[in-house]
Every structure is written in C-alpha cells, then in structure tokens.
Amino acid sequence: MKNLPLIVIVLVIGGGLGYFLGGGNEQAVEQEAVMETSSESTLEAVKAKGYVQCGVSQGLPGFSNADDNGNWTGIDVDLCRGVAAAVFGDADKVRFTPLSAKQRFTALSSGEIDILSRNTTWTMTRDTQLGLNFAGVNYYDGQGMMVPSGLGVTSATELDGANICTNTGTTTELNITDYFRANNMSFELVAFEKADEVVAAYDAGRCDVYTTDRSGLAAQRTKLTNPDAHVVLPEIISKEPLGPVVRQGDDQWFNIVRWSLNAMINAEELGVTQSNVDSMMGSDNPSIKRLLGEEGNFGEELGLSNDWAANLIKAVGNYGESYDAHVTPLGLARGVNALWSDGGILYAAPIR
Amino acid sequence: MKTDHSTAYVRQEDAPLLPPPRNETGIIGWFNQNILNLINDFSGIGAAIRSVLMAVGTLAILYYSAHILWALIDFALIEAVWSDPDELKRVVCTTEIAGGIQHNGWHGACWPLVTAKMKFLIYGAYPAEELWRVNITGLVLITGLVCLMFDRMPYRMHIGISMLTIFPVFAYIMLVGLGDWIGLPYVDTRDWGGVLVTLVVALTGIIASLPLGVVLALGRQSKMPAIRYLCTGFIEFWRGIPLITVLFMASVALPLFLPTGVTIDNLLRALIGVTLFASAYMAEVIRGGLQAIDKGQYEAADALGLGYWKSMRLIILPQALTYVIPGIVNTFIGLFKDTTLVAIIGLFDLLGAAQAAINDAGWSSPVQAITLYLLVATFYFICCFVMSRYSMRLERKLDRSNR
Chain A
1 MKNLPLIVIV LVIGGGLGYF LGGGNEQAVE QEAVMETSSE STLEAVKAKG
51 YVQCGVSQGL PGFSNADDNG NWTGIDVDLC RGVAAAVFGD ADKVRFTPLS
101 AKQRFTALSS GEIDILSRNT TWTMTRDTQL GLNFAGVNYY DGQGMMVPSG
151 LGVTSATELD GANICTNTGT TTELNITDYF RANNMSFELV AFEKADEVVA
201 AYDAGRCDVY TTDRSGLAAQ RTKLTNPDAH VVLPEIISKE PLGPVVRQGD
251 DQWFNIVRWS LNAMINAEEL GVTQSNVDSM MGSDNPSIKR LLGEEGNFGE
301 ELGLSNDWAA NLIKAVGNYG ESYDAHVTPL GLARGVNALW SDGGILYAAP
351 IR
Chain B
1 MKTDHSTAYV RQEDAPLLPP PRNETGIIGW FNQNILNLIN DFSGIGAAIR
51 SVLMAVGTLA ILYYSAHILW ALIDFALIEA VWSDPDELKR VVCTTEIAGG
101 IQHNGWHGAC WPLVTAKMKF LIYGAYPAEE LWRVNITGLV LITGLVCLMF
151 DRMPYRMHIG ISMLTIFPVF AYIMLVGLGD WIGLPYVDTR DWGGVLVTLV
201 VALTGIIASL PLGVVLALGR QSKMPAIRYL CTGFIEFWRG IPLITVLFMA
251 SVALPLFLPT GVTIDNLLRA LIGVTLFASA YMAEVIRGGL QAIDKGQYEA
301 ADALGLGYWK SMRLIILPQA LTYVIPGIVN TFIGLFKDTT LVAIIGLFDL
351 LGAAQAAIND AGWSSPVQAI TLYLLVATFY FICCFVMSRY SMRLERKLDR
401 SNR
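Line by line, the protein sequences give chains A and B.
If you use this note's numbering, the first sequence corresponds to residues 1 to 352, in order.
If you use this note's numbering, the second sequence corresponds to residues 1 to 403, in order.
These are calculated hints, taken from the structure and not from any lab test.
All residues carry an ideal CB built from backbone N, CA and C; glycine is no exception.
No incorrect hints appear here.
Pulled a few chain A residues facing chain B out of the computed Cβ check, cut under 7 Å:
1) P98
2) L99
3) D196
4) K223
5) N226
6) L330
Could you build all of it, start to finish, from the sequences and the hints given here?
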C-alpha cells in the first residue's frame with residue numbers, strides 16, 4: 001500500500017477541516033448557545049448573552065453609517081441602541097452586523113441578529129411571506145427625482161424624453177418605469193451598479209434626471225460639484241415606509257422593539273428630551289409619568305424594568321433629537337416625518 | 001630551424017575590444033532600435049505608409065500617456081488638499097459654490113479624509129485600546145517576511161518554518177484573544193476591518209491553499225481510484241463555481257441549513273470559502289508542474305529505492321514546484337485581489353471600509369470617492385507588484401526558466 005500515507009493525509013485534512021468548522025462552531029455556539037431555541041424567547045436569549053445583535057446597512061448616511069472611528073451612527077442605529085438601553089439600561093450593550101440588502105432577511109430568520117434595523121421597506125410580501133414582522137415605521141421615505149435647475153423643469157410631468165440615471169436591480173428602476181408608462185412619457189434609463197457612479201454620471205451631465213429614495217437624493221446631492229444648481233421635484237412616486245424588523249412568532253420581543261420606537265416618538269410629543277428626562281420625572285402630566293415609569297407597570301408588562309423608556313431616552317434621546325442629530329445634517333427637513341401634531345404623519349400609539 | 005613567427009598569417013592576439021557604436025547602446029540605441037528604425041523606413045510605398053502610421057501612433061500614445069500621468073499627478077499631489085487643521089471636514093474639500101473653501105473648478109485629492117479614516121481603513125472597528133495587538137502581529141509578520149527575503153539570514157530555515165506554523169497560532173491568539181484573565185479580551189471578528197481583514201483573508205488563503213493544493217494535485221495523480229475521483233471531484237467542483245457564488249452561498253444559504261441559533265463566524269466562512277477555492281486552482285497549477293517532470297526522474301527515484309513520500313519530497317516536488325512558481329504566484333495575486341469580494345458577506349475589507357468612508361456625509365464632496373478609490377488601488381498595486389517582483393527574484397535564484 002504505497003499510497004496509504006496519502007489516504008491518511010486526505011483523511012487528516014478532511015477531519016481537520018471538519019474539526020476546524022466544528023471548532024469555529026464551538027465558540028459561536030458558546031456565545032449563542034442561549035440563542036432562541038423554540039422554547040426560549042429572544043428576550044431571554046438576549047439577556048443571557050448580554051447584548052442585542054442588530055443588523056444594519058453597510059453604510060447609508062443618516063440611517064446607519066460607520067464614523068471615523070468605526071462607531072455606528074444614524075437613526076436606525078439609535079433605535080437598536082435604544083432597545084439595548086430599554087433591555088439592559090445600557091445603550092452600549094449592542095453589537096452591529098453590517099448586512100448587504102440580499103443578506104438581511106436570512107440573517108434575521110437564521111437568528112444571527114435579533115433586530116434588523118436597516119432602512120428596510122415594509123411591504124406586504126416581506127411581512128407575510130418571509131416569516132418576519134415589521135415593528136413599526138421610523139422613517140417614511142419615497143422615491144423622488146432630482147434635475148439640474150437649468151432645465152427649468154418644475155414637475156416630473158415635464159420630463160418626457162428624459163435620460164434618467166439610477167441604480168441597477170433595485171425597485172427604483174421598476175418604480176420609475178411604472179411612473180413614466182403611467183404618464184405616457186418616453187424615457188431612457190442609464191443604470192449603474194453603485195451610487196457613486198450614478199452621482200458622477202449625473203454630475204457630468206450624462207443624464208437629465210437622478211432618481212432614488214428622497215433621503216438618498218439629499219445625501220448624494222452634497223457630492224455634486226454645485227449642489228445648489230439642482231432641484232428635487234415635488235413628485236414622490238413610491239411609498240417606502242422604513243422600519244425595524246423582527247422574527248415572527250416572538251410577540252414579546254416584537255412588542256419591545258415596537259414600543260421602544262413608540263416611546264421615542266411619544267417622548268418627542270410629550271417634550272421629554274435626553275437632557276430633561278431626569279427633571280421630567282417629577283412631572284404632573286400622567287402621560288409623562290406613565291412613559292417614564294413613575295406610574296403603572298408598563299415596563300414589567302414588556303418583561304423589562306419600569307424605567308425602560310427613561311433609560312432609552314437618556315441614552316439616545318427622543319425621535320426628534322435622533323433625527324436632528326443624524327438626518328437633518330443631510331439637508332432633509334422633517335416633512336412627512338414630523339409628528340402628526342406638527343403636520344406630519346408620525347403618530348405613535350399612546351402608553352396607557 | 002627557427003621559425004619566424006612575427007610574419008605569421010594568423011593573428012596572434014585578439015583584436016582590441018572596441019566599445020559598441022554609440023548609436024547602438026544606451027537610450028539612443030534603444031530609441032534607434034525600437035522607434036526610429038520603425039518610422040524612418042521610406043524604401044517603398046508600403047514601408048512609408050507603415051512608418052507614417054507608426055510615427056503618428058507613437059506620438060498619440062506618448063501624448064495621452066503624458067496627459068493621463070499629468071492629470072493623476074495634478075489630482076493626487078499638486079491640487080490635493082493635505083491637511084485640515086481646523087477640522088472643517090467636507091468644507092476643506094469642496095469648492096466655494098458647494099459651500100467649501102476651495103476655488104470653483106478645483107479638483108484635487110482630499111487627503112485629510114484619508115487621515116481621518118486611517119484607523120478605520122486599517123483596523124476597522126477594532127477596539128482602540130486593543131490596537132497594539134494588531135500592531136504587534138503586523139510587526140512580527142513584517143519582520144519575519146523581511147528575514148526570509150535575505151538568503152544569508154542565519155536560521156532562515158527555522159524562521160520560515162515558524163512563520164508557517166507558530167505564527168498563525170500566535171496571530172490567532174493575538175487577534176482573537178484568549179479572554180480577560182490573560183489580558184487579551186476576545187475581539188469579535190465583526191469588529192475587524194480594513195487592511196487587517198484583507199491581509200487575514202489573503203494570507204490565510206495563501207498559506208493554507210499551497211499545502212492543500214499539493215495534496216490535491218498528488219491525489220489527482222494517485223493510482224487509487226477512490227482518492228483520484230475524490231480529488232478530481234473536489235477540484236472540478238470548486239473550479240466550476242465562481243468565488244462570488246461561494247461567498248454568497250456561505251452567507252445566505254449556509255445559515256438556513258444550520259440549526260437555528262447556530263451561526264458560523266462570518267470571517268471564518270470567508271476564510272474557508274476562499275481557501276478551498278484557491279486550493280483547487282493551486283492543485284491544477286501544481287499538477288502542471290508534476291506533469292512537466294520527466295518520467296526518468298520518477299524512475300530514478302524508484303531505482304534509488306525511495307518510497308512514494310520520500311521520492312515526492314526529495315525529488316519530484318522540489319522540481320515541480322519550482323517549475324510552476326509563476327503559476328503559483330499568479331494564483332496568489334488573483335487570490336489577493338479576490339479578497340475584495342468578501343464585502344458581499346458584510347465584512348469590511350479595505351475596499352469595503354473605503355466604501356463605508358465614501359458614504360460618510362460629513363466628508364461628502366465630488367472628490368470623496370475618487371480619493372479613496374485611488375488609495376485602495378495604490379495599496380493593491382503595491383502589494384501585487386511586490387509579490388510579482390519577489391517571484392521573479394525567486395525564479396532567477398532557482399534558475400529553472402531556461403532549462
């Protein structure tokens with residue numbers, strides 16, 4: 001048996017590989033042995049491992065983006081930090097997993113992450129067919145169009161025959177096609193793989209229109225040579241309600257995420273901010289008392305402590321503060337994302 | 001009778017060695033031979049047309065090369081912004097018309113952006129207080145590699161062996177950590193990024209794929225059908241699918257096959273995928289070397305009474321591997337560049353980190369993307385160029401090219 005050593009080596013390498021995989025698993029299993037099995041809730045699992053695992057984007061200004069030191073910032077990030085603060089009283093007990101658009105749902109359903117907070121549009125298909133639940137909406141986006149003001153165009157209906165720059169393979173391509181067809185206008189699509197390329201092409205005058213979500217338009221606009229020479233048209237051609245997503249079948253965790261978001265919005269409505277939350281503790285307003293856990297048992301009903309919302313607001317502020325810190329610098333006014341009482345459509349169910 | 005040699009017909013001493021004609025050497029000679037000869041041949045109509053076309057082509061290429069080179073130098077060095085003392089961020093790299101301080105029409109690299117993002121580009125989100133671990137690992141790696149480059153380095157063999165065996169373990173302990181009890185807390189690979197991830201993926205792939213490739217290549221040539229089919233199947237499978245698919249399956253499909261709650265580290269997935277992928281290519285390169293060896297060498301080994309492993313180790317492989325150094329290094333370079341694909345599974349390798357930096361609204365400007373892509377391209381070029389030069393040196397040293 002001349003070849004015996006070869007067999008042995010193949011077996012050893014195969015076994016080694018298996019062990020390597022197993023060894024890699026071991027650490028993962030150790031860390032996440034407490035991840036939900038069918039009998040264990042996400043909350044228990046999260047408490048056992050000591051942090052919330054949150055899926056975010058690979059970089060979208062205002063929503064989730066790594067800063068100079070690699071720390072995550074943005075309103076999607078704040079939501080996760082808020083949930084961590086509500087659960088642990090410490091907003092730093094959260095870890096972020098950057099996910100591509102294609103990975104995100106698998107990562108959530110396989111238990112790799114506990115919350116998907118990654119500018120994900122709430123659609124019926126996603127809600128009903130993927131075994132996921134959308135816990136609310138933290139940003140109402142919609143597809144818009146930007147044109148050079150030199151064109152003198154004031155409405156998208158004047159864009160017959162336009163060259164349109166957009167990203168490939170996204171719903172933006174589909175939406176713009178639908179819109180132009182519905183309005184009986186002809187157009188030419190110029191599609192690129194990456195946002196940088198689209199901006200560069202638009203800036204170089206290769207097309208008359210740049211279309212993507214309005215939040216994206218605002219962020220990319222600052223990359224143009226002369227941002228002021230471009231206008232965003234008033235038409236919004238699609239509805240893109242973005243919000244946090246959790247796995248279906250764990251109502252408690254779903255409620256925690258939903259009410260963390262609601263608490264942030266309610267806090268803004270009630271005027272509770274990061275800086276005044278301590279002084280607000282003594283407020284006579286029963287709504288504030290309930291929000292901050294002075295009255296009632298709302299936190300414990302969620303499986304948390306009663307000061308859950310107070311901790312959350314102390315850590316990340318209310319919705320308006322988070323928005324102002326991350327989205328306003330992009331040049332995006334509140335618009336429809338203002339509170340219902342300020343003329344927007346942000347309306348959180350009351351805590352009572 | 002005495003012969004008078006002074007009037008011999010045969011010259012008794014060599015003619016003096018004259019220096020070559022001036023227009024045949026140096027820059028003038030090169031120019032004459034490679035350019036002038038091609039464009040001043042007017043001996044016939046065909047030759048004249050060829051000469052004119054050649055002249056026009058040469059000038060055009062010269063002009064555009066100079067133009068591109070100048071544009072690059074102008075952008076990267078002359079017009080570039082070098083410092084941002086007041087931390088103005090995007091303002092320092094945008095023109096007045098866009099709210100910045102540069103004159104309108106300005107177009108230059110924004111190096112303060114790179115300075116600000118340097119830590120992120122090199123280490124990713126690796127905790128700041130643990131960076132020394134990465135630095136020490138890098139230092140050991142560089143020292144080891146430099147030592148290996150000098151032929152007369154004492155204990156070179158020992159250094160080489162420990163770089164291949166002890167160093168990976170050392171690097172693993174340093175980078176991943178052992179726990180708080182020894183002062184090396186665990187660092188989640190999710191926090192790794194930038195050059196760190198690029199090098200970890202590339203070096204693991206390079207170090208692991210070579211031995212794996214040798215075994216697969218030998219296995220494919222084995223006389224035992226089971227091993228032969230197994231190795232052939234393995235090689236053909238991994239060569240038959242694109243790396244992007246491998247990574248994509250590892251990140252999207254793999255979690256669905258595992259029991260709920262069990263996850264394999266993202267980086268580990270990438271490492272395994274890249275290694276298996278590269279080893280299949282490596283196996284084929286090495287098989288080429290094995291086949292180039294004369295049958296007499298195998299027979300000579302048998303005649304010496306060497307067993308399979310001894311003959312492979314002492315006679316066949318040393319020759320086969322040196323034959324295919326260009327192919328091996330080619331695979332390494334390909335692998336190194338392929339590491340950029342790990343961005344698909346959410347890892348921030350250098351390119352991924354650069355793209356995250358491009359998305360930073362605090363620095364947004366028309367030159368943001370170009371600056372970072374220029375940096376990344378330079379990094380990859382330097383790394384690949386060094387690898388390629390080193391392989392040429394190795395070839396010259398082993399002198400197999402003209403056998």
